[in-house]
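Order-wise, the sequence lines are chains X and U.
Take the first sequence: its position 211, counted from the start at 1, is 211 in full-length UniProt numbering, and no numbers get skipped.
Take the second sequence: its position 235, counted from the start at 1, is 235 in full-length UniProt numbering, and no numbers get skipped.
Treat the hints loosely; a few may be bogus.
Capping the alpha-carbon separation at 27 Å, the derived lysine-lysine pairs in DSS-like fashion look like this [stated by the list, open to error]: (1) U:K228 / U:K280; (2) U:K32 / U:K280; (3) U:K281 / X:K28; (4) U:K259 / U:K280; (5) U:K259 / U:K281; (6) X:K131 / U:K32.
Calculated from the model, a selection of chain U residues having no Cβ within reach of chain X, i.e. all distances over 12 Å [claimed, not checked]: (7) G97; (8) G102; (9) L106; (10) V107; (11) Q110; (12) L118; (13) V131; (14) R188; (15) V195; (16) I205; (17) V235; (18) N267; (19) C278.
Calculated directly from the structure, the hints in this document are not laboratory data.
Beta carbons are placed, not taken as given, at the ideal position from N, Cα and C, and that holds for glycine.
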Amino acid sequence: MGDGMYAGESALEAHGLGMRYRRGWVLKDCSFRLPAGRICGLVGPNGAGKTTLLSIMAHVLEPTEGRLSVFGAAPGSVDSGRTSFLAQDKPLFRRFTVAEILRLGQELNPGWDQRAAEDIVRAGNVPFDAKVGSLSGGQRTRVALALALGKHPDLLLLDEPMSDLDPVARQELMGALLAEAAEHGTTVLMSTHVLAELENVCDYLVVLSGGGVRLAGDVDELLSVHTMVTGTKDGEGLPVSLAHHPLVESRISGRQFTALIRPDSPATGPWETDSPSMEELLLAYLRSPDAPSLITPTAQVQDQAYNTRTVAA
Amino acid sequence: MSSLTSTPTTTRSTAPGTTGTGRLPQLPQPFKGMTWLVWRQHRAAFWTVLGASALAVAFIVFQRSQLHTAGYDSTSTGLRLMPILLGVFLGAPLFAGDLENGTAKLVVTQSASRTRWLTTKLALTALVVVVSTVALSVGFGWWWNLYDESTSAEWTSGATFNNTGPVPAALALFSVFGGVAIGVVLRRTLVAMAVTLGFTVVVQIAWSHFLAHFLLSLASVATITTNKGVPFQHVMPTLPPGAHQVNWSTPPYITGDGKLLGWSTCNEAQTEQAHDLCMKKADVVGWSVDYLPISQMNGLQWFSASILLALTAAVTVLLFFWGRKRLA
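The shape of chain X in the complex, shown without the other chains (with noise of 0.2 Å):
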């Protein structure tokens, strides 16, 4: 599927993007590009510059250098109404009932949809006269959730979205947002600690360490190009005839060694290869920050087109 997608429309393009505070650089030359319709999950460890990401691409901060593209226009220039964004602590107005937190969504966007918020409420059976302040974590959530998608936007930003929920309503929420997703073909960005949670969610993937991107594409195709080496030890670490293949990480333990490798050629030899597990992907990835980065053609951006294009104008 990677290759229909590529020809069809981007949800988001990075250019360069880079954001500095006070402490330092947060990103730093970030490029990659999201095609539309696809459920990608951002991962990265603790101040990999997540929340940054999602902010500039939610147009709540601007970036100290680089572009970046939603739908093909910057963030905000055309109608925000295209993208919703749950920041990581669920803004809600802590004194407005549940029934006026909806009302906010419909009075301050022109393509609300009622019906659609009302039932994702509903579903969790969470009282339309409670006041925000009262309810539990997994309501807030759902009520935020509902204002989110009450849009219908077409690119949905999630930062940590199901982090302060129980298993059952984490669950249950995701299954409401996929299904959403997909009846939409709505474009999700996602990003999350628990790399599991994104085993039978994501289809696509962007890893981003020290406020750069290291991994981004396709799950499918990024798998495809990995193998997962296992075999006895021989010698002092990994075998030489394993040396040419470009290594991700590797791990010894006892007599037996372990290896994430992304051959060119097939990788023969007194070894067992299998192909990684999306968890075991983005583990040795999270791991070892030297690793070579790849970004695959369809997360690329054309910048050559990109900068003849501005040249001409």
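Dock chain U against the given chain X, drawing on the hints supplied.
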């Protein structure tokens, strides 16, 4: 949409707060869009300001209609505190609260622009401030007319000049918008309120100095002279109602050839005859008293109010061009 209600516990018909059609009842509201949000968010503060002002106006009108002056001084003190209170409790938290709680992020990621949000908040706040301060100013001005006749209070005193005409509204607007800007810079409600308290107090003190030392020097001085001699008991000529006598150190005596003599003239005379003789010898024919007539009050009030409003406009421009970027 049924896919969203995937939980088996969904009970659409018994969901609280819904009507039979499954829609929320639409509450009648006078406001729409961003105005609705801003009014809803700050309605407690807005109603408090409007309600307290209405009570104060009612008290003033009642006292005035009964021709009472009791409570005049404490009311005038209360009115002078009003810009401080409005700045601290209405201006400072206006955006600082949203920036502190993260609700600014919520608002700026809806479809309305931040310019719209800023405009609506400032406009509604300004409306509430102007309505309440103008009502109080008109009421207090009416009361002052009575007080003025009975006690000859000077129009140049802060208690009169700053509490009547356009000055209270301008002082309050400047204090409140200053508080708003402080809140946008500091992004913490309590800190912003504390700093705004300092700011508004400094504005009051600076304004008093400005009034006493600069503004009144712009007024043209009128002089009243008499030629019926100066009695021993020093009864000065009566000034027009509300007039402000300028500078008691000016020589008060005028001689036959128009020269002015100081207070110490003939001070050593112990008796009335000695005094009259001394005055005659000095050729003192009467009093010469400088004063600022009340007719200057209105012009000076509008002039000073326009200075304050220009400062307020400068703060507003700052908020739009620089503060808008910080509203998230």
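To see whether the hints hold, each was checked on the structure:
no.: 1; hint: U:K228 / U:K280; verdict: holds (12 Å)
no.: 2; hint: U:K32 / U:K280; verdict: violated (80 Å)
no.: 3; hint: U:K281 / X:K28; verdict: violated (93 Å)
no.: 4; hint: U:K259 / U:K280; verdict: holds (14 Å)
no.: 5; hint: U:K259 / U:K281; verdict: holds (14 Å)
no.: 6; hint: X:K131 / U:K32; verdict: holds (21 Å)
no.: 7; hint: G97; verdict: violated (10 Å)
no.: 8; hint: G102; verdict: violated (3 Å)
no.: 9; hint: L106; verdict: violated (5 Å)
no.: 10; hint: V107; verdict: violated (8 Å)
no.: 11; hint: Q110; verdict: violated (4 Å)
no.: 12; hint: L118; verdict: holds (14 Å)
no.: 13; hint: V131; verdict: holds (24 Å)
no.: 14; hint: R188; verdict: holds (15 Å)
no.: 15; hint: V195; verdict: holds (20 Å)
no.: 16; hint: I205; verdict: holds (34 Å)
no.: 17; hint: V235; verdict: holds (65 Å)
no.: 18; hint: N267; verdict: holds (70 Å)
no.: 19; hint: C278; verdict: holds (77 Å)
Taken one by one, the earlier hints fail for this structure at numbers 2, 3, 7, 8, 9, 10 and 11, listed in ascending order.
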